[in-house]
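Read top to bottom, the protein sequences are chains A and B. Using numbering that gives the first Met the number 0, read the first sequence as starting at 0 and increasing by one per residue. Using numbering that gives the first Met the number 0, read the second sequence as starting at 0 and increasing by one per residue.
The hints are simulated quantities; they were obtained by calculation from the structure and are not laboratory data. Incorrect hints may appear among the rest.
To be verified - Straight-line alpha carbon distances no greater than 27 Å define the calculated BS3-like cross-link-like pairs of lysine-lysine that follow: (1) B:K670 x B:K558; (2) A:K70 x A:K116; (3) B:K290 x A:K148; (4) B:K290 x A:K119; (5) B:K290 x B:K583; (6) A:K126 x B:K670.
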Amino acid sequence: MASITLTVNGSARTLDVRDPDKPLLYALRNDLNLKGAKYGCGLGQCGACTVIVDGEAVRSCTSPVSAFAGKKITTIEGLGSPDKPHKVQAAFIAEQAAQCGYCTNGMVMSGAALLEKTPKPTAEQVKDALAQNLCRCGTHERIVSAVVKAGGARG
Amino acid sequence: MNIHTSRRNFLKSTGALFIAIPFASELKAEVISGKTVDAAQVDAYLALHADGTATIYSGKVDLGTGLRAAFPQIAAEELGLPIDKIKLIEGDTLLTPDQGPTSGSNGIPKGGMQLRQAAATARQALIKLAAEKLGKPVNELDAINGEVRPKAGGAGLSFASLITDKGFELKLDGKAPVRDSRMHQYVGKHVPRPDIPAKATGRHVYMHDFDMPGMMHGRTIRPAIIGAELVSVDESSIASIPGAKIVRIKNFLGVVAPDEWDVVRAAKMLKAEWKGGGLPTDSAGLRDYVKAQKVSSTEALDKAGDFATAYAAAPKKLSGEFYWPTQSHASLGPSCAVADVKEGEATIWCSSQGTHRYAKHFADMLGLPANKMRVHYLDGAGCYGMNGHEDAAADAAFMSKAIGKPVRVQWTREDEHGLDPKGPPQVITQEAALSADGKIVAWHTTMRCPKPTDKLPTIPLLSPVEADAKQVKGIATGSLSSGGKPPYDVPNLLVEVHWLEDTPLRASHLRAPGKIGNCLAVETFMDELALAAGKDPVEFRLAYLSDPRGREAVERVAKLFNWDKRVEPRRNGKGRGIGFTQYKGDETYVAIAMEVDVSADGHIKVTRVAATHDCGQIISPDGVRSQVEGCILQTIGRTLFEEVKFDRNHVTSRDWASYPILTFPDVPEMKIELIDRPNEPPRGAGEAATAPVAAALANAVFDATGIRLRTVPFTAARVKSAMVETGVKFG
Ligand code: FES
Ligand code: FES
Numbered sequence: 000m001a002s003i004t005l006t007v008n009g010s011a012r013t014l015d016v017r018d019p020d021k022p023l024l025y026a027l028r029n030d031l032n033l034k035g036a037k038y039g040c041g042l043g044q045c046g047a048c049t050v051i052v053d054g055e056a057v058r059s060c061t062s063p064v065s066a067f068a069g070k071k072i073t074t075i076e077g078l079g080s081p082d083k084p085h086k087v088q089a090a091f092i093a094e095q096a097a098q099c100g101y102c103t104n105g106m107v108m109s110g111a112a113l114l115e116k117t118p119k120p121t122a123e124q125v126k127d128a129l130a131q132n133l134c135r136c137g138t139h140e141r142i143v144s145a146v147v148k149a150g151g152a153r154g
Numbered sequence: 000m001n002i003h004t005s006r007r008n009f010l011k012s013t014g015a016l017f018i019a020i021p022f023a024s025e026l027k028a029e030v031i032s033g034k035t036v037d038a039a040q041v042d043a044y045l046a047l048h049a050d051g052t053a054t055i056y057s058g059k060v061d062l063g064t065g066l067r068a069a070f071p072q073i074a075a076e077e078l079g080l081p082i083d084k085i086k087l088i089e090g091d092t093l094l095t096p097d098q099g100p101t102s103g104s105n106g107i108p109k110g111g112m113q114l115r116q117a118a119a120t121a122r123q124a125l126i127k128l129a130a131e132k133l134g135k136p137v138n139e140l141d142a143i144n145g146e147v148r149p150k151a152g153g154a155g156l157s158f159a160s161l162i163t164d165k166g167f168e169l170k171l172d173g174k175a176p177v178r179d180s181r182m183h184q185y186v187g188k189h190v191p192r193p194d195i196p197a198k199a200t201g202r203h204v205y206m207h208d209f210d211m212p213g214m215m216h217g218r219t220i221r222p223a224i225i226g227a228e229l230v231s232v233d234e235s236s237i238a239s240i241p242g243a244k245i246v247r248i249k250n251f252l253g254v255v256a257p258d259e260w261d262v263v264r265a266a267k268m269l270k271a272e273w274k275g276g277g278l279p280t281d282s283a284g285l286r287d288y289v290k291a292q293k294v295s296s297t298e299a300l301d302k303a304g305d306f307a308t309a310y311a312a313a314p315k316k317l318s319g320e321f322y323w324p325t326q327s328h329a330s331l332g333p334s335c336a337v338a339d340v341k342e343g344e345a346t347i348w349c350s351s352q353g354t355h356r357y358a359k360h361f362a363d364m365l366g367l368p369a370n371k372m373r374v375h376y377l378d379g380a381g382c383y384g385m386n387g388h389e390d391a392a393a394d395a396a397f398m399s400k401a402i403g404k405p406v407r408v409q410w411t412r413e414d415e416h417g418l419d420p421k422g423p424p425q426v427i428t429q430e431a432a433l434s435a436d437g438k439i440v441a442w443h444t445t446m447r448c449p450k451p452t453d454k455l456p457t458i459p460l461l462s463p464v465e466a467d468a469k470q471v472k473g474i475a476t477g478s479l480s481s482g483g484k485p486p487y488d489v490p491n492l493l494v495e496v497h498w499l500e501d502t503p504l505r506a507s508h509l510r511a512p513g514k515i516g517n518c519l520a521v522e523t524f525m526d527e528l529a530l531a532a533g534k535d536p537v538e539f540r541l542a543y544l545s546d547p548r549g550r551e552a553v554e555r556v557a558k559l560f561n562w563d564k565r566v567e568p569r570r571n572g573k574g575r576g577i578g579f580t581q582y583k584g585d586e587t588y589v590a591i592a593m594e595v596d597v598s599a600d601g602h603i604k605v606t607r608v609a610a611t612h613d614c615g616q617i618i619s620p621d622g623v624r625s626q627v628e629g630c631i632l633q634t635i636g637r638t639l640f641e642e643v644k645f646d647r648n649h650v651t652s653r654d655w656a657s658y659p660i661l662t663f664p665d666v667p668e669m670k671i672e673l674i675d676r677p678n679e680p681p682r683g684a685g686e687a688a689t690a691p692v693a694a695a696l697a698n699a700v701f702d703a704t705g706i707r708l709r710t711v712p713f714t715a716a717r718v719k720s721a722m723v724e725t726g727v728k729f730g
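Using the sequences plus the hints, can you model the full thing?
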């Protein structure tokens, strides 16, 4: 059985991986008990499983865990907590930007990754960045406004 | 009872889980005290504790709609208790009263009002008890801040000092006086939703995240042809997967393994042979199929005057046929459930809208007495009607029973899109006529849709059919025939439904069942009549709308949207339209105005939406607003993009590429005005605003192009071919 070391939320985590093709999502949720990233499609189509890898928003459902050895992974749990939320998380709370919230992980992580590159995105830039993230409840407007406000630009 | 001890140990052993159901010690105390769940009793809904806190129990659940904020608001208001002292337990069949499923936008109007009356009854009882102790008349006392106090001032008595842990032992009084809305502290005010901080930081425990010791992961394997029978299973095909086991019960086929990724692989590798099955039509032929289906009965739902005579005599007649396709709930997270079936008892964790009714069903299906089945509610992905939640639970239950261990079933994306019960197709025809002076004289709506089975206790699930277990057969659709009546004064009216015996894909309620399509037909027709009468669409509506609340909704939306009058369509690629409804004929009023851009290649973009929404008394303004936003956006997507595709074997639109929904670039600017009527009863807000969306959109497209879209979805290809056919050009 191969073992793989990942850096997750700042700590080195070593996993025994029987199948190196196992997607990162399953390793995070089941082996590391980090369940913030969600299974939505397993096809790379919805964004519910998004994590940040070396600064980029990445869909953890389609990439094998073996591809992440030595990379820095941040999950939504590592981004912030209810007591110390990241500014994007704080903005989601302030805007009440969730209905069921099943898409929220992907929206928060993609939003946080966007702010790393574009610190003050406009609403249009946020819509573009989230174009491949699906929300079935229709929470889009609040999500856009949360990310814009987290960046501090005027929508 | 085992369920409770194992649950307690489980909670102890994992400790860290943040769970929206009671923690072990409280649970035990509540169970031992023999808490009533009799919906006629006050104690079914609430318990006041010695430490000044209270627990409220709701059979209705928060489906991402904000009830988790609204129920405590209602209870805090009526009891006179600070809201942060209130804890809510939802859906647990052992602890909450059966208030019926959370559907039809009835969470607040039914569930919330039962809770309000329970709390109002409790307050009266507390005041009476205090009156005796204080030696004061009841009318000089009030319940404030957890105490009963003289209104004039002076020392009060805490609730805890007035009531023992036996509870109130009182019948809920439906007429107990409720607080004057002018005094409200919580109702109608913004209270943040308690679940959002955990949701935004990845700490909220969804159904999908629930785990328990010894739990196995399960997947159901279903045939490539719907309804096929299982002939044989090749067990050796998954021999390489550690710990994998096959569960086969007649035509039910599942596989379990200790590791989730292993079971995903096993489900793909498992070889099985099936025979037979198939569907009576494909999606391309569905409309014709529905039109050719035998009508089992015709029901006249509304009648006024004499339609046939008035129509025959009228000088100006219009008619048209509308089609609403079959659509999926398309929940963002595929359904998931955990079942722990033991000898003689079972526990199921599920995101069901109706834990109580499905608890009975699960018990029947497993051959258990109803009181040996407990169903817990945990949040799933939004479902908007009955999706696959209960199917996943039944799948898990059969597998757990077979292997004697708890089993978690996670449906795949392909399962959810392919197998969730669907919103059925509708064909709606309209005939209407104007008099020589342009007045509406006759109107006839005919709806063709499957007839829901009378008194069907639950929507039939897949695995009981496959495993040949007990289950009542039938079709559930919600009230597809509601909304066919124009909300206007029409002298000669006939609203009919042609009931069909079945529908090709398994049906269930999908948000606002039938009403979006029916409103599309009625409100498009109102627009056609306005044009034929040479009137502006808003003015024409107001001329036939006598209900003052309806008028206000329409007038205010016109103002909010900055409606500019028009008679003839602009035909320049930009258009504006309006739609109005009174939901279910006597509930929430919604008016929506919309602006669209239509490109030369037929692509529709909604650029601007204004909505007014009057659901009577508003409990949570932000909760209502969020539902209205969701209704509008989701329905724009349903109208523009969504249609379940299938061939004679199975659903073929089984991912997000083949079943597209609204995305961020499609989101218009929205202005929403909530009309609060604190002295009216609260009506539902979960789906009313969906109803006029397709109509407003179609009417805006007509203004932009002169084309009447009567077939949903309004795809670019469909619009383009209509443009070619009618020779419309712009841009
Ligand atoms: S779950 Fe990864 S993109 Fe949908
Ligand atoms: S909030 Fe439910 S899917 Fe986005």
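Against the structure, the hints:
1. B:K670 x B:K558: holds (11 Å)
2. A:K70 x A:K116: The hint holds at about 19 Å.
3. B:K290 x A:K148: Cα-Cα ~51 Å, so violated.
4. B:K290 x A:K119: Between K290 of chain B and K119 of chain A the Cα gap is close to 54 Å, so the pair fails against 27 Å, i.e. violated.
5. B:K290 x B:K583: holds (25 Å)
6. A:K126 x B:K670: Distance ~18 Å between K126 of chain A and K670 of chain B Cα, so the pair holds.
The structure fails hints 3, 4 (numbered hints given earlier, in ascending order).
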